[in-house]
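**Q** Here the protein sequences come in this chain order: X and S.
To convert, note that position 140 of the first sequence is 140 in the working numbering; the numbers rise steadily by one, no gaps.
To convert, note that position 301 of the second sequence is 301 in the working numbering; the numbers rise steadily by one, no gaps.
Calculated directly from the structure, the hints in this document are not laboratory data.
Pairwise CB distance ranges, derived in the manner of DEER restraints:
1) X:Lys69 x S:Gly127: 21 to 31 Å
2) S:Pro88 x X:Glu209: 55 to 65 Å
3) S:Thr225 x X:Lys69: 30 to 40 Å
4) X:Glu124 x S:Asn306: 53 to 63 Å
5) X:Arg120 x S:Glu4: 53 to 63 Å
Computed cross-link-like contacts, EDC-like style, restricted to lysine to aspartate or glutamate with a CA-CA straight-line distance of at most 16 Å:
6) S:Lys229 x S:Glu190
7) X:Lys192 x X:Glu91
8) X:Lys211 x X:Asp145
9) X:Lys69 x X:Asp59
10) X:Lys125 x X:Asp145
11) S:Lys229 x X:Asp19
12) X:Lys211 x X:Glu91
13) X:Lys143 x X:Glu20
14) X:Lys211 x X:Glu124
15) S:Lys284 x S:Glu205
16) S:Lys105 x S:Glu7
17) S:Lys229 x X:Glu20
18) S:Lys299 x X:Asp59
19) X:Lys192 x X:Glu178
20) S:Lys300 x X:Asp59
21) X:Lys143 x X:Glu124
22) X:Lys42 x S:Asp21
23) S:Lys191 x X:Asp19
If you're wondering where the values come from, they're calculated on a predicted model, not measured in any experiment.
Ideal Cβ positions, reconstructed from N, Cα and C, are used throughout, including at glycine.
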Amino acid sequence: MNPGIVPLGDSSVLIKLGDEIDLIINRRIHALANLIITSSVKGVVEVVPAYATLIVHYDPLLLSFTQMKAYLRMQISQMEESESRKPRRIEVPVRYGGELGRDLEFVASHCGLHVEDVIRIHSEKIYTVYMMGFTPGYPYMGKLDDRLSMPRLEIPRTHVPAGTVAIAGSQTGIYSIESPGGWQLIGWTPLKLFDLESKSPFLFSPGDEVKFIVEN
Amino acid sequence: MSLEVIEANGLATIQDAGRIDWRRFGVPTSGPMDMFAFRAANALAGNTATSAVIEIGLGDIIFRALRDCVISVAGVGYALSIYIWDFPLWSSYYVRSGWTIRLNKLDTGMWAYLAIAGGVQAQPILGSRSTYLRGHFGGLNGTQLQVGDILRSETPSRSLNELAARSLSAEALPAYSDNLVVDVILGPQEKYFTNESMSTFMEQEYSVSATSDRMGYRLEGAKLTHRNKVELISEGMAMGTIQVPSSGQPIVMMADCPTTGGYPKIATIASADLPLFAQCVPNKSRIRFQETSVAKAQKKYRMLINKLNEGIVESDS
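Isolated chain S, as found in the complex (with noise of 0.2 Å):
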């Protein structure tokens, strides 16, 4: 046993690197938010890339230390402290049992992802330890966590002396930003929006819904017009993916998004931009849409993992 659940006031839920190898039973992938906190939570904890983490958004949570354990936090929008000092995000720290772990939620940013040495356990099903909130399975029990449950951990790769401190540099991170410009692929359906549609979703300003979920970011902005058919036979998505319904308002596939849809796709965002849109926060950050190949795209994102890689210093002891 390593945490306890003490308050749990928003949806703290466990989620590994995704579910896949269903999507085409209509299993969505769930999985983080943000995957490049998620991944940079793992690589502070020592754990392999696809260990499961607790994702916490929407509110407050407290843990409290059941044995000495090392966890790590990455994120944007929460504020850390661990039994009586307050700690920034971005690295991984020593905890002792009896031990309390705050995290509590800021203005800024929707998620943070903790980390355990040695990984969350939790048993798998269809193969991924991630939470399917509608499905009903997955994580522990199938639900965001409530007060009271216990999170166990595996054994950790090294000694918690050697994991504890480590931390992230600042040149790892991605420019996260209330104030965002986002890469986008275009297509495959943009035949289906007028000139002058996407030219407004090229240039216009657009802002999160308050509506928004695991399942899907509403946009709300400039309306898009369709050039005449609203829908199309069902076709797979990816998360990232923004479909336009007849409203004209653009919604952005999330994490436990279907894994097919009906409505033409405008654009899908690229993935090393996919974390920094998941940290918009609703009614509060602005998004601008660019324009970007699948090659720059598949360039920023092998960069931007590398340095992750890369960036880790370990602690001085």
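Looking at chain X on its own, in the form it has when it is part of the complex (with noise of 0.2 Å):
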């Protein structure tokens, strides 16, 4: 594997593993993430995975850029030795369609099927949690089956409840935050993805696996 480290801007670094959404790559992406966030270096500030790559923001005043990829490279040797972690399961309850799945209907006529079958469909696999992104708490979770693949609305919506069930492309996610939002609405859950009160303010971490589960 020869992964492409290069710069982003002066003070991050862009590791990248793949082009493409894939459970394997992504699984090397949340081993190496957490292989840096252990060995926990003077200068690193933090990652942040997505779907193939890695971003890794350092303090410049500490660390020059050959030193980044000089460390970099060793994390990535030493990844592919270790061995990743078995991911944590959540179970997330959904009340499939309704007024805040409103688009579970739309949906199954698009995909010529019944609704039932597509509650089935969605419900039955089990998830991983690609990446965490545009707002805090917010899950890119797949990959979803080729048969619910639908497009993003042409015009988000302004409003779209925290909690509510979505879906785009080979892609599902959960509206963690009161936001607007592009994606076809098929349900609701209880549980809260973004919580301050909390000890845990997040309910996923970016390699979680997720089982939704059918409460209706």
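The two chains are supplied separately, each in an independent frame; assemble them into the complex guided by the hints.
**A** Okay, here's the thing in structure tokens:
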């Protein structure tokens, strides 16, 4: 594996392990991210994993790009030898359809399926949280079954409530705070994805496995 | 209690050096738009480099001191008056209880930083006092300062008399300007653009659109053309990263930008030049980009911070 390590400005590095949404690549990304987090080097500020890339933010007053590159090469070789730890699995109860899952029927007819099939297909798979972004606590999960592939909305909705379960392309997500949203809305979970009152403010971490449980 | 907000016509928020350790959960760093002026304000007030301050932009603001304190103001585009006198920025001042502090917005520049000796008090959220407006948390109640808000500060590092009347020497200031050449490190997706577009990006002048905000500055100027793909699978970004969506008009990520994005990134602004870029005025400033290497950019940044640290002139008394 010859990963690309390139600068993103003078205070961040981009590590690229692939070009697509792929579970094996993504697991490597999370293994590398965790390795860097635990190795705790002064000057390395934080890591941001995504589908097939990892950004490492660092302090240019303490580390040069050359030093970062050498350090990261070493972490990458160590990662290849280390075992990735078993991901955490989180169950998410979902009330499909209704007012909050208002696109469910549209998704069914667009995909040529009964509503019950959409619910079954969506809820039977175990998804991986490939990455988090967009809003605090928002999980990008996949891979969604091809039969449920839907385009994004042409015009995003301005207010999607927190907890709304959504799909687009090969992904599924859950809106973590009220925000605009361009995905197809198929249900709602009472679980809080982002809670500052809690000791663990985030329900998900990148790399977690997720299983939706049908409530209705 | 140190200051009370008497009038607030723009956007004033409490910011510290930024919220870190949570970007992989989708939480932006927030923090100051102009990191140099932020650091200068804290240094002048004798605070640590990460202390919380008040970032002020887009309009006038007036405070009343509720007790004797030392404040400092650094930035571009504001006129400062305390009690009945006008004062220059980039200095610290002894303010007596009952005096008003006025910051009036000028035509040039965007952001000023008011530090209180001891640092502005605020409940840390996820380890930081920075305000994240979109998330409604951090700073004071997760929102901008309102009339009637009270700002509290911690105990200053030294006596008020020692901290007042300090200034930053002119040589330590970077060359803030309305006609700016901004150093950028190219990539990582420079190959997504036609050769012609890469030349355009490096040669043409851009201006900042009025639709810009703390999340990003939209640039207006010569359109850039993608070779074929306009989107890529999402990856992380940094403040200063320049994304180019299908419109061909670049957007520069700023303090409240999302942690990840799916548009090709043509370049990232060098840390030493980001404060100057942040002070560019919509529909007024003219910006041109210039390529630099990471090594040169880092050296420039180190020199900037060293000059700041060495440029604090103590008061005579």
